[in-house]
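Student: The listed protein sequences correspond, in order, to chains H and G.
Residue numbering for the first sequence follows this note's numbering, starting at 1 and increasing by one per position.
Residue numbering for the second sequence follows this note's numbering, starting at 1001 and increasing by one per position.
Just so you know, the hints here were simulated from the structure itself, not pulled from any lab data.
One or more of the hints may lead you astray.
[To be verified] Quick look at which bits of chain H chain G covers, simulated, 3 or more residues with Cβ under 8 Å:
| hint | segment |
| --- | --- |
| 1 | 9 to 16 |
| 2 | 76 to 82 |
| 3 | 101 to 113 |
| 4 | 172 to 178 |
| 5 | 195 to 201 |
| 6 | 234 to 244 |
Backbone N, C-alpha and C define an ideal beta-carbon position, used for all residues, glycine too.
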Amino acid sequence: MRVLGPLYMAFCVVLLALPIAVVCGAALNGGRSMFFPPRDPTLARFGEFFVSEPVWTQALVNSVIVAVGAALLAVLLAWPVAYLLWSTGSKLSRTLAALGSMPFAVPPIVFGVGLGFFWGFLGGLGAIWAGIFSHAVLLMALPLVTISIGLQGIDRSHLDAAATMGATEAVTFRTVILPQTIPYTISGFFFVLVLSFNEFIVMFFVSASGFATVTLQIFNSLRNGYTPTMAVAAITFIGVSVLVFSAVARWGDLPRLMGADQSRN
Amino acid sequence: MTAVERIEAEMPDRPARARPTPRRILPWLLSVVIGVLCVVPFLLVIAISFGRKIEGAAWQWDFTLANYQRFFVGALWPDEVTFLYLQQLGFSFWYAVIASLLAVLTALPFTLLLTRLSRRAQAAWLVFILSSLSLSEVFIVMGWDILLSNNSGLPALIKSTGLTQWLKDVGWFQTLRDWGLASPRNVKFKTSQFATILTMSYLVWPYAVILLYPALSRLDRSQSEAARTMGAGGWTVARTVILPAIRLPLFGSTLLLFVFLLGTYVAVTVFAAPAQHTTAVAIYSNIRGANLNAPFGATQAVILLLAAGLCLTLGHRLNRWAEAR
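Required output: the full structure, derived from the provided sequences and hints.
Tutor: The structure is reproduced here in structure tokens:
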């Protein structure tokens, strides 16, 4: 067991990293086609992706706009629901939380189809703001969970103390509740940011070829075969994910957010 | 809190109560926003699934069961019966069941080992797991596609190392061909069920770790230690102490991943043979692809949703029943 355990973990990691490593390696190719191991290695593809090829730079800009917008909106939508759930625990608040999490729980293609019709009627199909709303609703479940975890961690005696000292609800909210939940709100924001960045199928239906994010652009280019520039996109995305989650782990309590037992370690 | 304090605490609220306060408007506003954004899209899918396609044009509202009939027995029923669409749903289920089981069973020992590390090490591992979890389906499929493609990747490696020749000499090559994993010249993984299921399983593997993590990290380690002191081997401990304690989360995670995988699109289009495509691919081709029959696409989406809902409800019931026992 003592040897087998680490060995198994190593095996899992190698398998998990294998396709990622292959994609990363392929980004260094000098030519127009993907080879692994890379031939004629160069970093020119990075320039193409970030600077010189408008197809990719535009897609990257779209991805960033959608991800940041969706993350902000998702947090704004999730906060009142989580707060209502925590402060009242009423039936209505529980229903709202359940409905808000529903899009995340069903197969994403079904919600994508639904949003496709929805924006078709509202005239938002193919518009980037519709994409932002779509991702915000799809991923709202994540900040809902992280903010709820944060709110549950608040010591109720602090609230009583604040009330005893004559603080209004608004003051208590600003001075007690908000500061304690900010790390969890930010974690929720980043979870949405990263998942929106990488989401494909819902955006596929909502964009209706009106705009392209990086993942859409890659799928569109699959037909013409892979190019090393696509691998650069992959590297960028992995880099962003690692950075974001490291930040969450550094400034927030990642094991707790993931539901680890508090009493240990 | 004494009664006086309680009154004092509630005082600031009092004068505001007559006016519409944010506290009163908020639930209503939220209900409307969430109702419109989270519920209406699903209602639209259901409503449109009863609609009718007009040849050469889009579609119109209607209330016809023709789409559902077409899904289960074909459009020309009762003269002709085809189970093509049911078969696609069958493939959706088949891939999703195997891939989710594979992911959970291989993630279980990994997660168990993970929870025994120090808090700092756990956080580092979680960063890695979460990063690979959030990695887009498109990139994952691209990676495996390069790895499994016939001209580069594993098949080329197998051929150049002489493994193909060895397989032919031993006679196992024919077995691989029977399984659809080899062409007359060399092993091949595209297109095959093996590649489809492998990629789908890879897709949800980090999710499996994340879903199992809370239950496993709450596992009472003293029980395992007690069993060990009484002389039970590692395998016996796993079977008699750990497994019964995590039976429910194990089952729940598999179910969630299964439902998630029912809608997989990219992996199936790239790795599965056209005859073995799933309902998700059919939905796409009806709504945005070549067929352009939105009502029928909506019907397939509704059936996929119902199938997912049915599985979740059944799982929930089973859980309750197991807990009650």
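Student: Next step is simple, just say for each hint if it's right about the structure.
Tutor: Going down the list of hints, with the structure as the test:
1. 9 to 16: holds (count 5)
2. 76 to 82: holds (count 3)
3. 101 to 113: Held - the segment 101 to 113 of chain H has 10 residues with a Cβ nearer than 8 Å to chain G, which meets the minimum of three.
4. 172 to 178: violated (count 0)
5. 195 to 201: Coverage by chain G holds here, the residue count being 6 at a Cβ distance below 8 Å.
6. 234 to 244: holds (count 5)
The earlier numbered hint that this structure contradicts is number 4, and it is the only one.
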